[in-house]
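S.K.: Take a look at the letters that make up each chain.
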Amino acid sequence: MSSRPLLKFAIVLIWAFILLFPMLGIEEDRFVWDRVLKVMAVITAAGMLVLVYHYFLKGLSLRPKVFDEASTKFRPPRRLLIGLGVAGVLALPWIADNYGRDIAINVLIYIALGLGLNIVVGLAGLLDLGYIAFYAVGAYTYALLNTNFGVPFWLALPVGCVISAGVGAFIGYPTLKMRGDYLAIVTLGFGEIIRIVLNNWDKVTKGPNGILGIKAPGLFYPVVENGSIEFAHLYLKNLIWMYYLILAIAVLIMLAVYRLNTSRIGRAWMAVREDETAAELTGIHTTRMKLYAYMLGAIFAGFAGAFFAAKVRYVNPSSFIFLESALVLCIVVLGGMGSIPGIIIGAAAIIVLPEMFRGLALYRMAAFGGAMTAMMVFRPEGLLPAKRKAQEVEMERETATIP
Amino acid sequence: MEVFFQQIINGLTLGSIYALIALGYTMVYGIIQLINFAHGEIFTAGGYIGVIVLSFMQARGVLDTHPFLGLFLAFVLAMIYCAFLAVALETVAYRPLRRASRLSLLLSALGMSIFLSNGMMLSQGVYDKAYPHFFTSGGFKVGGVIVTNMQVFIIIGSVLLMVGLNLFVNRTRLGKAMRSTAQDRVMSAILGINANKTIVTTFVIGAVLAAAAGVMVGLYYGSVRFDMGFIPGIKAFSAAVLGGIGNLTGAMLGGMIIGMVEIFAAGYLASEYKDVFAFIILILVLYFRPTGIMGEQVDDTRV
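For the protein sequence lines, the chains are A and B, in the order given. With the first letter of the first sequence counted as 1, position 282 gets the number 281 in numbering that gives the first Met the number 0; the numbers rise by one all the way through. With the first letter of the second sequence counted as 1, position 205 gets the number 204 in numbering that gives the first Met the number 0; the numbers rise by one all the way through.
Treat the hints loosely; a few may be bogus.
[Stated by the list, open to error] Computed footprint of chain A on chain B, listed as stretches where at least three residues anywhere in the stretch have a Cβ under 8 Å from a Cβ of chain A:
1. 54 to 68
2. 120 to 131
3. 237 to 250
Hints are computed from structural coordinates only; laboratory data are not their basis. Yeah, the Cβ is synthetic: ideal placement off N, Cα and C, and Gly gets one too.
I would like the entire structure built from these sequences, with the hints used as guidance.
M.R.: Here is the structure:
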């Protein structure tokens, strides 16, 4: 038993004290100890657990070292699992209460956003830190068209997508020459520009007050009345209807991304991601491919944005801050870049986790930030990495052993 | 014309602060290719330590008798604190990800940024924390242009720090190690340069400069807030990119440009759109010079 972990533990404690004491322990000219001691106690307890693990439990194997797939006796057939999953997703709004439905809708919105950003970041390898701007464009397009001209949701949806795609191309175009992190800061800048404009262009966007009175999507359905068929109109205000609507949008996007993944364009994106120069030499029109990635990502975000405006029926600029872009990026990376199931899991984690921390009230965001770092440190390749990506990592490992 | 010169003085002050923060971004980026999102929070922490030290001394009555000692202590303690904070960040959140993809590293930094800013909110409160104003008020006039003592102090202080940084990077062994590691980490390691030590040094230097900037901002604007690091952080990073990331002179130049653009846009065009102009300049410069003003050709490293 070496004493190194103990030494480390002591250093961590001293270090934590140095960092915590000035922030927590000084009020004007008095020293207040109780807050410092409380936090230090928590850190000490956590450290003790790690020490106990290190000294006593590490040697014990809690699970078999080599996971033998054949040894798992019962595996329910794949179809059954998928069927159960689909049934669960379809039945969800009838089981859950309004709070649960709301969270489920949010998860689906973020799945749509994550899938869209995945095209830009995961497939084409363009780091976009201002993705939420397209979401804002979609939301404001529907909000403005609906409140000013009474345009219904179903008409505003394609218009919003076209405008989002236009903005995507507009932002994408000047950044085509840039590489790596230059791109990141420019997209971040564009995102901020759009938010600031929304915040200050009082005449059109009503500034920070936002736009109220957006109509929910409507639906005409036929009714037989006095022997003739009439069309009645129904606003889909109910959260159950909204759930099915966003579910349909998310599934549509999922299918599109699934098809794109293996399509010619999808492979071209991956080629651009891996080596732009080589991709160009093999005849891929790299500028056009990058523009496509931007526009398609923007379209999906526009979809999600229009839906968001229709669901909340109120938009204001504070829904489109940088933190949201960061969240979506987190979904893409957390889930494992480029994998659809990964993004679903990632979106669920990112939306549900803070809800679970709700009991912690004020500590919620701090806990979330800490959890984000911890997840990256312990699973840097994401929860469910895409198969192709996993193969690459495997190959890198193999080649890395050869000097 | 007087207004014009007044704006130049204001722009120089703001530009120096941005330049100090931008240096931290650019050095960290140069050495481990990470946009250190938590850098803005280090800057905020510096501001908080400054206000804590100064109010402590004021409450004990020391500040009135020894104002310069108070100022000195505020800066030195803030720098030491931020150095400790940066080392902790590097060890906890960045070192384990040294071999992971750059996106994971970036998100780890983002997580730390959220964690730190909320941690400061929890410990220091949601509201602005006011600096004791003891020598923030004085000033003098040069031909109709008002120059406050604080502005002179900020500009001279920043210049001294930047000269010091340049001497450190160019003249000392550790500075040489930093430059070498930034250029080729593997080769430097083979030649016997301790990469971890060098990277930690880089973080510490960046944090020291950010701490100084934090105290300066607190003194200049009179208060600090838990989320004040975000916008200056983004702008300082823009400044670093504008100058050509990884390039120290570029970061200083970029900081000055962003500061000037912001002040002039606020003065002559529309103050609510000042941030927009800063970003537009950034985008325009990068459009015509994709690697920044002083930047060299970047390699193809992608996310």
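S.K.: State for each hint whether it applies.
M.R.: A quick look at each hint next to the structure:
1. 54 to 68: With 4 residues in contact (Cβ-Cβ under 8 Å with chain A), the coverage given for the segment 54 to 68 of chain B holds.
2. 120 to 131: It holds, with 4 qualifying residues against the three required.
3. 237 to 250: Our answer is that it holds, as 3 residues pass the Cβ test (under 8 Å) against chain A, meeting three.
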